[in-house]
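Visitor: First to last, the sequence lines map onto chains S and G. Everything in the first sequence is counted per this note's numbering, starting at -5 for the first residue and increasing by one. Everything in the second sequence is counted per this note's numbering, starting at 110 for the first residue and increasing by one.
Some hints could be false.
[As the list claims (entries may be wrong)] The calculated lysine-lysine pairs, modelled on DSS-like cross-linking and capped at a C-alpha distance of 25 Å, are: (1) Lys243/S - Lys278/S; (2) Lys171/S - Lys313/S; (3) Lys37/S - Lys92/S; (4) Lys188/S - Lys234/G; (5) Lys161/G - Lys234/G; (6) Lys234/G - Lys223/S; (7) Lys171/S - Lys223/S; (8) Lys22/S - Lys87/S; (9) Lys245/S - Lys37/S; (10) Lys(-2)/S - Lys138/G; (11) Lys188/S - Lys297/G; (12) Lys246/S - Lys278/S; (13) Lys35/S - Lys164/S; (14) Lys164/S - Lys92/S; (15) Lys229/G - Lys118/S; (16) Lys37/S - Lys87/S; (17) Lys164/S - Lys37/S; (18) Lys22/S - Lys118/S; (19) Lys87/S - Lys171/S; (20) Lys138/G - Lys(-1)/S; (21) Lys87/S - Lys138/G.
Think of the hints as simulated: they come from the structure by calculation, not from any bench.
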Amino acid sequence: MAMKKFINDPANLTTELLEGYCLAYPDKVALESGRIVVRAKPKPESKVAIVTLGGSGHEPALSGFVGEGMLDASVVGDIFAAPGPPPVIQALKMADRKAGVLFVVLNHAGDVMSANMALEMAGKEGLNVRMILTHEDIAPGASAPAEERRGLAGCIPLYKVAGAAAEAGKSLDEVCKIAERFNDNMATLAVAIKTATHPQSGQAIFDLADDEMEIGMGQHGEAGTGRSKLMTADRTADVMADRLMQAVKAKKGDRLLVIVNGAGATTQMELFIIFRRVHQFLAKHGVTIARSLVGEYLTVQEMAGFQMFFAKMDDELLKWYDAPCDTPYWTVR
Amino acid sequence: MEAIGYDEVVRMIRGAASEIRANREHLSKLDSATGDGDHGTAMLRAMEAAEKAVADARPPAIAPMLEAVAWGIMGAAGGAPGPLLGSFFLGMSEAVGERQTLDGPAVASMFEGGLAAMRKQTPAKPGDKTMLDALIPAVEALRAATGAGPDVASAMKRAADAAARGAEGTRDMQARFGKARNLGERSKGTVDPGATSISCIFKGFADAVAADKNT
């Protein structure tokens, strides 16, 4: 598949995209040292800061969620690659003022390694940082050990609930507790039907026959384990919603946050058709969708596919979910 | 030669960078089979940062130069290669300490220090289909060779050969780490890009030392 994208020199992709992004939303975000997206107007020192890291290429994630009520800093790596330890250490230092830092790390080898090295440095310098690792991918099975499960788009609503608690002046302990509860009650499953190209190499990031789909696809195009023939939207939604419902142990009367997150090339039309079936499936089981989002939050270039996300909600989590925030890609007034 | 100093270490690093540069596409292609295809790019970026660090460093102190290489790598290359290779060079730096010349056993200690530091960053074990499957055999072969004779060049050659064999040996392994892990059985059948990179790096090291036969 020949790559056809609006890019310049592939060596400058991340630099150019970050510059463009911060120029587009200058009232909300700013670029620090070329690789750390920060709030244009930092929150008061007395409030807990939320920091994250990840590779570029997934826009709007992760940096699209820097702003009031969500992230304070997003450390950005090359396309699909974690940033190295130095900018992470810098971001943690900048973020740790009076109230400490919640450091949200998605479970991918590079991210975890960089995070661990940064935390080691942070410890030596006496920084007040608490790390939370997201690993809500259920592709290898919901009961697979956490180390084997990737962190996918679930980090984004996690930034929302943790960010809201931080903005409300909760302590680091309290913010961690809320984040951990959300973390423990969420699950994501991804599916892909058409590959994307890696913008640096121009190469397809995986192979899929014209009539195939892969449930469990990773968010860098790394394959999952569930290749099958292409199914209809309804059948796909049923299969995925069933696994997710079991993963979050949703029972009759429970309330869920449901996100259908497009991978980049899947049309909004398709995402709505999928959501419709998810709603029907859950209604059949007496499970309520308390809140929902359908759109592109964490993409994989021009991959055709989506991530389906469920989180079991309670009154407190809903309160934080509904709290005001002001970021370029998620705003609540 | 029976000992190496600052200049030889610099040449080794440059030699490793050249090998990676020459193999960059091959490494990325290996990575496409089971990952996201960027390994060659990431390794080249890491080694270019290493080259820049050695260009900026000054003799005769080896440890600070290696430390600068480590931080350069970590600043330039992310993903998993950055922290892994960065910690490797940090460990080497710590093992070298104040020494300005390294005989065979000291070279082995240097690489053992690097290996130990890298292993702190990952729970991977031999057989998990990672860089370690080339690095561990290389370091073990090096230690054995330096125990058997004083010539550093031939000891490094043994290490490079062991790394190459180790990398080839990953072909039928199932990946337990990295993006390939999610493929399960499907990760078998191609050699691991990380192990291949280590093999290239050690070849570069060995060739550089062999070319420096001053004694």
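Visitor: Against this structure, judge whether each hint is valid.
Guide: Verification of the supplied hints:
In summary, the hint linking Lys243/S to Lys278/S is supported, as the alpha carbons are separated by about 15 Å, within the 25 Å threshold. Restraint check for Lys171/S and Lys313/S: the C-alpha separation of about 15 Å stays at or below 25 Å, so the hint holds. At most 25 Å may separate the alpha-carbon atoms for a hinted pair to count; Lys37/S and Lys92/S meet this at roughly 11 Å. A distance of roughly 34 Å separates the Cα atoms of Lys188/S and Lys234/G; the hinted pair therefore is violated under the 25 Å criterion.
Restraint check for Lys161/G and Lys234/G: not satisfied, since their Cα atoms lie roughly 32 Å apart, outside the 25 Å limit. This hinted pair does not check out: Lys234/G and Lys223/S have alpha carbons roughly 36 Å apart, beyond 25 Å. The straight-line distance between the Cα atoms of Lys171/S and Lys223/S is roughly 42 Å, outside the 25 Å bound, and the hint therefore fails. Of the supplied pair hints, the one linking Lys22/S and Lys87/S holds, its CA atoms being roughly 21 Å apart against a limit of 25 Å.
Proposed proximity of Lys245/S and Lys37/S is contradicted: the alpha carbons are some 39 Å apart, above 25 Å. For a cut-off of 25 Å, the pair hint linking Lys(-2)/S to Lys138/G stands: about 20 Å separates their Cα positions. Under the criterion of a C-alpha separation no larger than 25 Å, the hint pairing Lys188/S with Lys297/G is consistent with the structure, at around 23 Å. A hinted pair counts as satisfied when its Cα atoms are at most 25 Å apart, and Lys246/S with Lys278/S qualifies at roughly 9 Å.
Taking the CA atoms of Lys35/S and Lys164/S, the gap is near 19 Å; set against the 25 Å cutoff, the hint holds. A distance of roughly 13 Å separates the Cα atoms of Lys164/S and Lys92/S; the hinted pair therefore holds under the 25 Å criterion. In summary, the hint linking Lys229/G to Lys118/S is supported, as the alpha carbons are separated by about 17 Å, within the 25 Å threshold. The straight-line distance between the Cα atoms of Lys37/S and Lys87/S is roughly 15 Å, inside the 25 Å bound, and the hint therefore holds.
Between Lys164/S and Lys37/S, the direct Cα distance comes to roughly 13 Å. Compliance with the 25 Å bound is thereby established for this hinted pair. A threshold of 25 Å between alpha carbons decides the hint, and for Lys22/S with Lys118/S the separation of about 32 Å lies outside it, so the pair is violated. Our distance criterion of 25 Å between C-alpha atoms is met by Lys87/S and Lys171/S, whose separation comes to about 22 Å. Taking the CA atoms of Lys138/G and Lys(-1)/S, the gap is near 21 Å; set against the 25 Å cutoff, the hint holds.
Of the pairs offered as hints, the one joining Lys87/S and Lys138/G is violated, with about 38 Å between alpha carbons and a cut-off of 25 Å exceeded.
Consistency note: the structure conflicts with the earlier hints numbered 4, 5, 6, 7, 9, 18 and 21.
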